[in-house]
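Take a look at the letters that make up each chain.
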Amino acid sequence: MTTTSAPPRPTGKPERPGFKAVVRAEWTKFRTVRGWVVGLLVATVLCAMFTFLVANGSHEGGCTGPPPPGSGPNSPGSNCYTGHPFVPTGPDGEAVADSYYFLNQAVTGNATITAQISSLTGVISTTPANVASSQTSTRPGLAAWAKAGILLTPSTNQGSAYAAVTATGSQGVRWQYDYTHDSPGLPGSMTDTSPRWLRLTRNGDALTGYDSTNGTIWTQIGTTSLAGLPATVTVGLFVTSPVSFQDSNSGSPTLATATFDHVSIESHGGAGASDAWRGQSIGNGSASFYPTLGSGSYHRSGNAYVVSGSGDIAPGVGEGLLGADTAASILPLGLIVGLIVMIVLATMFITTEYRRGLIRITFTATPNRGRVLAAKAVVIGAIAFVTGAVAAAAAVPLGEHILTANGNYVFPAGTLTELRVIVGSGAVVALTAVAVMALGTILRNSAGAVTAGIVVFALPYVIGSFLSGSAVEWLYRLTPAAGFSVLQTLPHSHAGELPVHLRERVLPARPVGRPCRPRCLRRARPGRGRHLVAPQGRMIEALHAEWTKLRTLAGTGWLLIGTVALTVAVSAAVAATIHVTADGGQDPTKLSLAGIDLGQAVVVVFAVITISDEYGSGMIRVTLSAVPRRLILLVAKAANVAGLVLLAGLFGVAGCLAIGRLMLPSGGLNPAHGYALVSIGDGSTLRAAVGSVIYLVLIALLSLGVATVIRDTAVSIGAVLGLLFIPPILAQAVSDPLRQHLLQLAPMPAGLASQATTNLGSLPIAPWAGLGVLAAWAIASLLIGGLLLRRRDA
Amino acid sequence: MSDATIEVTSLYKRFGSTVALDGMTFTVMPGRVTGFVGPNGAGKSTTIRVILGLDAPDEGRALVSGLSYQHLRHPLRHVGALIDAAALQPSRSARNHLLWMAHSQDLTASRVDAVIELVGLGSAARRKAGGFSLGMRQRLGIAVAMLGDPQVLIMDEPFNGMDPEGIIWMRRFLRSLAGEGRAILVSSHLMGELQDAADHVVVVGRGRVLADASVEELVSRASGDQVLLRTPAPADAAMALQRAGTAGTIIDGNTLSVSGLAAQRVVEILGEARVPFSEVTAQRATLEDVYLQLTLGEAEFQAGAGREARG
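In order, the protein sequence lines correspond to chains A and B. Just so you know, we're using our numbering here: the first sequence kicks off at 1 and counts up by one. Just so you know, we're using our numbering here: the second sequence kicks off at 795 and counts up by one.
The following block holds chain A by itself, in its conformation from the complex:
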């Protein structure tokens, strides 16, 4: 297989193959297995395909402005559009928000503008951002980054260059220019009793901001020069107030009002008269993407000017207001899918060596084992890097093209940023592959390495939806999913919020459907199974033999205990982190059963290896010579696996419900907040519990069928976990009707619909119907498996 020409003997050193030779040998090993090379291709194609699916599933459109007459206050606005609203582009080509109220006049030549801000107050809309806001439904509150100050700009067009010295809601006085530059002023915040004085001077191209507490002692807080500033510029007083995320994840528009006193403009080219002030609302039309609470206004109060404004002058992150489509934002799902294939390949690269003792030959060829491992890591890392980078390079332009064609706003990204995304994707895939291979080296067993590799990536997406606040954040920080942050192309918002778009995409939609009481559970008709297998004696013997096989493997017990332990542990972790403050909206039973999401991974491993291990060791031939009726064999295996998983499921679900009953009340899910204690006596909870046990059994049967078709442990586990975890993640990223179909037809979301006990009307599929979908998957996979088992040579 490998070429082993004698290496040149280095003089004076002991003879040993150079590292290059070892790397070359490992590369030859990889590329000469055709299935692995095909696997790389599959990974790339899957990545591009899923990126396409996500991009194609996103359609932009919506309504803004005041609601149509005669509709309720929470109705969408009447200005409906398809495609995305206008997004201004800043001086550096980046997307920006540029909406504010501007009381300004034109000034020519060098000038100094001074004003005292004596008050800054605000209101927050009590309707969410996606609903037309109204200035009557508000509550008092000042956004942290509400701004009021002096601004100088060559043009009032949105996205033009500017410099400003501004007071803020709670961030003190700031010096800001050109959207992305920000520096603080004097310490301490402005209050009504201690007003702040602001000054902005222009001297040629140089602009300087000053801050003062008394109007006599000035401190320079920032300076910049805006190249090519025209002689005549627009200067004045501005107020703006960004969307607040205090009340809801989707954000609420706000309005701020500031009182400016002692306003003066000293111009050397031509003084501005006080009556030259002109009030102007910038970027507040319904055509602009940034949600605002009214368009702002001003009035004089004695010598003072009272100005109100809404919007933001900032990088256009928009905290999800704009969607968050970047060239790279649609990539993660495709990357995860490609990663699953890569995880399988990386695992096999090491575990196949152990399986058939090839590792001994490898070690006789290269006695230095560290070198072998390093060479393997280099080879698989390099292969994974190239695959990831190629996949990203293909997927990013594809996704961008489709998103734009669907009317979505795609944040502009520079060539360097795209390069970082491509290289970063390669790095994420490479590091994962090396880590999984290391795991494979430790475990010497493909089932463990593949499962751990996939679960660790899917984990935040799978159980993240159950956790709240900081727990989710930590999950994203600590699991390898953190690596995906390399795909971020949006500048960080100074608002310092968690990227909400990520969380929104990750939170699965709550399930839907007709309410179904336990009476819908049809009784099994007696006698139906009798004709299934004619020779009962053979069946009983096959069952007995398969049972003996399972019980005499130590792994069986450990995997079943592992299923119970992991299920209960995850449920406990979810119950421990949950903190509910508001009433309603949570489903205590479903939360208690969250552990099933992860426990099923162990069930998958258990079911897969009952058959794939026989293929791996060649024992399947012995088995088939003992039980030549192959369908009887498969049914016997299925029955044993189902029975054992049923047992483990009963314990796991009982444990979960006990955890839920004991731990959830302290997290706020208690009668005080209107939640009943989790109780098996409750009809829908009983249905959820029974449904969860059946769910696990059906997952086991599905896995057994898939493994019968595929026969290889690593590939089977990869395929089943991919089939389970990818559709729900995909569903979070696409819009209806694809999303709805995915949730109705994919095995995991459909099957888990049985766990819901509240809001049954909004489930995509009714609980028992969902289990029916999963059962159809399991039966189909067993049928195909059985057919192939019968037809194929063993």
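None of these hints come from the bench; they were simulated from the model. None of these values were measured; they are calculated from a predicted model. Glycine residues also receive a C-beta, built at the ideal position from the N, C-alpha and C atoms.
In silico contact screen, one side only, chain B against chain A (beta carbon under 7 Å); selected entries:
1) L846
2) D849
3) Y863
4) D878
5) M895
Far from chain B, some chain A residues (derived; all Cβ distances over 12 Å):
6) V23
7) P154
8) T156
9) D182
10) T191
11) T224
12) D247
13) N303
14) P367
15) G562
16) V580
17) G683
The hints should help you fit chain B onto chain A, whose structure is shown.
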């Protein structure tokens, strides 16, 4: 129940462009050990897999005691097979490996203990089979084959990995089983291994049978009455033989090779002619020679399919 036999009738099978079985036909009779020999890739293992119902032939059929393998009620009680000694899950103990198979044939654990004793694995039976040496695995494989006390036994390369002592044990074991009236098929790619074990030999190459005959018959056919004669007067001896109508070839100084006459007849001729001799040896070909001759012929006359198909 019909006699313990294996009947293989015109099996054809291709794997892609490779012809694995090309009209394989033979019968394994009870009461004797039938050797199944041929070079690597001749189709031995494929034939065995077809007999065991593991592979489906494109054409033809294989019957065990008159039934197809799938129709045997308790297959391991009819046919015992040693196919791949390494084919076991390493973390299961030898005894448990036998136990699940016993359960599949409605046999009890006492039968398991009996076969463990039979192959001499008693002390290792409760150890993980993954840690077994090749020889121990081979013994475990034989225990598997003997589990149902079958009348038909199929052994695929049973001598692989056995030490000389084990090989001798194996030969005796196979002979004694045949002596009990069982039909035994033993495959090997080394003819020498079968020399003292088999009564009957099926030689195969390129998926078909080259020779199917008893060991005795094959050997004599190949040796063709070669007699080696050692004499101080080779010229006189050659003359005497020529008078009797046979040619003797002088091999070296005083050794002649005579063909076409039995050793007994050579002695008589020399006695009549009063030619002195020190040694007359009937030269018997080994099974190895026969095998090489057959497979060489097979290589030379690839196109003449079936020329020597039946012995």
